[in-house]
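Trainee: As a plain string of letters, each chain reads:
Protein chains: 2
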Amino acid sequence: MGEEVSNKQIVLKNYVIDFPKESDMLLKKTIIKHKVPEDSLNSILVKNLYLSCDPYMRNRMSKREDSYIDSFTPDYPITGYGVATVVDSAHPNFKKGDLVWGITGREKYSLIKSPETIFKIQNMDVPLSYYTGILGMPGATAYFGFYEVCSPKKGETVFVSAASGAVGQLVGQFAKLSGCYVVGSAGSKEKVDLLKNKFGFDDAFNYKEEPDLNVTLKRYFRDGIDIYFENVGGKMLDAVLLNMKLRGRIAACGMISQYNLEQPEGVHNLFCLTTKRIRMEGFIVFDYYHNYSKFLETVLPKIKEGKITYIEYITEGLESAPAALIGLFSGCNVGKQVVVVAHE
Amino acid sequence: MGEEVSNKQIVLKNYVIDFPKESDMLLKKTIIKHKVPEDSLNSILVKNLYLSCDPYMRNRMSKREDSYIDSFTPDYPITGYGVATVVDSAHPNFKKGDLVWGITGREKYSLIKSPETIFKIQNMDVPLSYYTGILGMPGATAYFGFYEVCSPKKGETVFVSAASGAVGQLVGQFAKLSGCYVVGSAGSKEKVDLLKNKFGFDDAFNYKEEPDLNVTLKRYFRDGIDIYFENVGGKMLDAVLLNMKLRGRIAACGMISQYNLEQPEGVHNLFCLTTKRIRMEGFIVFDYYHNYSKFLETVLPKIKEGKITYIEYITEGLESAPAALIGLFSGCNVGKQVVVVAHE
Numbered sequence: 001m002g003e004e005v006s007n008k009q010i011v012l013k014n015y016v017i018d019f020p021k022e023s024d025m026l027l028k029k030t031i032i033k034h035k036v037p038e039d040s041l042n043s044i045l046v047k048n049l050y051l052s053c054d055p056y057m058r059n060r061m062s063k064r065e066d067s068y069i070d071s072f073t074p075d076y077p078i079t080g081y082g083v084a085t086v087v088d089s090a091h092p093n094f095k096k097g098d099l100v101w102g103i104t105g106r107e108k109y110s111l112i113k114s115p116e117t118i119f120k121i122q123n124m125d126v127p128l129s130y131y132t133g134i135l136g137m138p139g140a141t142a143y144f145g146f147y148e149v150c151s152p153k154k155g156e157t158v159f160v161s162a163a164s165g166a167v168g169q170l171v172g173q174f175a176k177l178s179g180c181y182v183v184g185s186a187g188s189k190e191k192v193d194l195l196k197n198k199f200g201f202d203d204a205f206n207y208k209e210e211p212d213l214n215v216t217l218k219r220y221f222r223d224g225i226d227i228y229f230e231n232v233g234g235k236m237l238d239a240v241l242l243n244m245k246l247r248g249r250i251a252a253c254g255m256i257s258q259y260n261l262e263q264p265e266g267v268h269n270l271f272c273l274t275t276k277r278i279r280m281e282g283f284i285v286f287d288y289y290h291n292y293s294k295f296l297e298t299v300l301p302k303i304k305e306g307k308i309t310y311i312e313y314i315t316e317g318l319e320s321a322p323a324a325l326i327g328l329f330s331g332c333n334v335g336k337q338v339v340v341v342a343h344e
Numbered sequence: 001m002g003e004e005v006s007n008k009q010i011v012l013k014n015y016v017i018d019f020p021k022e023s024d025m026l027l028k029k030t031i032i033k034h035k036v037p038e039d040s041l042n043s044i045l046v047k048n049l050y051l052s053c054d055p056y057m058r059n060r061m062s063k064r065e066d067s068y069i070d071s072f073t074p075d076y077p078i079t080g081y082g083v084a085t086v087v088d089s090a091h092p093n094f095k096k097g098d099l100v101w102g103i104t105g106r107e108k109y110s111l112i113k114s115p116e117t118i119f120k121i122q123n124m125d126v127p128l129s130y131y132t133g134i135l136g137m138p139g140a141t142a143y144f145g146f147y148e149v150c151s152p153k154k155g156e157t158v159f160v161s162a163a164s165g166a167v168g169q170l171v172g173q174f175a176k177l178s179g180c181y182v183v184g185s186a187g188s189k190e191k192v193d194l195l196k197n198k199f200g201f202d203d204a205f206n207y208k209e210e211p212d213l214n215v216t217l218k219r220y221f222r223d224g225i226d227i228y229f230e231n232v233g234g235k236m237l238d239a240v241l242l243n244m245k246l247r248g249r250i251a252a253c254g255m256i257s258q259y260n261l262e263q264p265e266g267v268h269n270l271f272c273l274t275t276k277r278i279r280m281e282g283f284i285v286f287d288y289y290h291n292y293s294k295f296l297e298t299v300l301p302k303i304k305e306g307k308i309t310y311i312e313y314i315t316e317g318l319e320s321a322p323a324a325l326i327g328l329f330s331g332c333n334v335g336k337q338v339v340v341v342a343h344e
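As they're listed, the protein sequences go chains Y and E.
Just so you know, we're using full-length UniProt numbering here: the first sequence kicks off at 1 and counts up by one.
Just so you know, we're using full-length UniProt numbering here: the second sequence kicks off at 1 and counts up by one.
Don't take each hint at face value.
In silico DSS-like links for lysine-lysine, alpha-carbon gap of 30 Å or less [unchecked claim]:
| # | chain 1 | residue 1 | chain 2 | residue 2 |
| --- | --- | --- | --- | --- |
| 1 | E | K276 | Y | K153 |
| 2 | E | K245 | Y | K218 |
| 3 | E | K153 | Y | K235 |
| 4 | Y | K113 | E | K276 |
| 5 | E | K235 | E | K153 |
| 6 | Y | K198 | Y | K307 |
| 7 | E | K245 | Y | K294 |
Derived from the structure by calculation, the hints contain no laboratory data.
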């Protein structure tokens, strides 16, 4: 039947209405069998190492009918991307000792019953935590969103919002590798400095210090924007629409500025889509996972050659997970927010 | 030097701020030479027969910087699409007696100095006025917008707003010819009846009688909308976003509900673009005119075979042009609004 071990879990206490708080989550002590139950075909039991904090998780904290993604269940562990090591497996593709990344629980040990979004980690010569970010879901989001949705061409102008985040910092670097001019926005001087000095953006600004985003964008894009990689929504999108070029493309990746509002802000300048023949297209990385290996083959060498850099903001211990997740929405983190549960 | 004849013109009196009024336009009596001036290379002189009233013209009545289209000039004749007969020509492609359609003036006679958007009419076995509508700009808009931007597939569900207008009535018929299920919205019982009984829409509703457009759309599209042909913007777009299917497409053709507002309404549900992977794309028919003959070859036989019908709302006399144009925005016209200046 298997030995029982103590487990710790971060569970959702109740559905969140507006701005999430640490107290919406709870640390719960439980016990778990240290083996996959015998009747559980295809399950794997993992020990979690790194947990990813991603903006989309906010949408799962609310009770939403008809959402693109299931809501979390109160009193059950919050789930999300992470890196883990396999402790026991009833699945033919995984064996004890394998390192994996994918959807796991915010807990010490997770029994994953349908490991459809679990990928085996083959390359261990980069930090394992990278599989929560640059080599995981956010990295693939940046890669497929930029190359497949934005169709960049050399010499085009690119604007990225939330540019120092897990996705944004990569989009900017992909844009530079594609011969584009790229400007990013972020919410602090420190982040703006990173964009310019570490990630190689041509320019960057702190949106919190800009009273009129339309004027700001005109300053950085005198002839307009070809590609907008949209991570924030709301007022920024409205200002961008006024500054897009003819036949521009907007990849609607996320709208973090809107997730904590009960009623999203109104966007007024959509007629620009018509007058400028703009294509605005939403996408979700799930739809591109079948090409994950292509992404890895492109990006992994660039990391090893130092042509792409990545900044993580790591906090220690499962106990820090609620604050780390909430910090995304107040902009505390600089770079990809990761929580270490265990180092091995 | 050529004989002088009297001309009558509808000129813009002053730039319009919100809702246009008849008194924003003026009938002006002038004289015009009945020949193309000798030094005017490539000009043609036409006698106008039919004038088209189109929603986009509202945007030219305001003073707008940075618009996709030039503003009209106060005290000069308003320009727009029309059908005309060539009186004199200095252009190698046109000769006296040719029938043409394209951008002309709202006046009895127009001297067209650069006839780049003038097309010679080759098929005269349909009503000539059709070249202001089904065989002119609105027809090409419906055709290229639906087939090229929406990429329809048999069995898909299509929603068309302003569906009894010059463009909408055709989009609905193209959708039926493509094996789609199509519902249209319009602003009166009479228009709704036309959609259902004349144009073959599967269903139609009067948006003015619907207190909650989200609920309305759920009634007609239980499983959601694959294609939205957007003619109105604002609240309708917001409700449609909630009802789009995964990987739906929105062709942003126009947003007539917004043209008379100083600040367009806010659209709140844009995050649906991401969650449902929707492509929303603006387009303008100018970009497709090089394929006009392809359009004509497809649509002309269908008209002759009675497989496509078209309804026009014709008013008599240049004097009726201001009221006819304004009527578009109060929804007076049923079908394509045309003004007859002369019958031959």
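Trainee: With reference to the structure, classify each hint as holding or not holding.
Mentor: Against the structure, the hints come out as follows:
Taking the CA atoms of K276(E) and K153(Y), the gap is near 26 Å; set against the 30 Å cutoff, the hint holds. Of the pairs offered as hints, the one joining K245(E) and K218(Y) is violated, with about 35 Å between alpha carbons and a cut-off of 30 Å exceeded. A threshold of 30 Å between alpha carbons decides the hint, and for K153(E) with K235(Y) the separation of about 35 Å lies outside it, so the pair is violated. Of the pairs offered as hints, the one joining K113(Y) and K276(E) holds, with about 26 Å between alpha carbons and a cut-off of 30 Å not exceeded.
Taking the CA atoms of K235(E) and K153(E), the gap is near 27 Å; set against the 30 Å cutoff, the hint holds. A threshold of 30 Å between alpha carbons decides the hint, and for K198(Y) with K307(Y) the separation of about 11 Å falls inside it, so the pair holds. With a C-alpha separation of about 29 Å, the suggested pairing of K245(E) with K294(Y) holds against the 30 Å cut-off.
In terms of the numbered hints stated before, the structure departs from hints 2 and 3, listed from lowest to highest.
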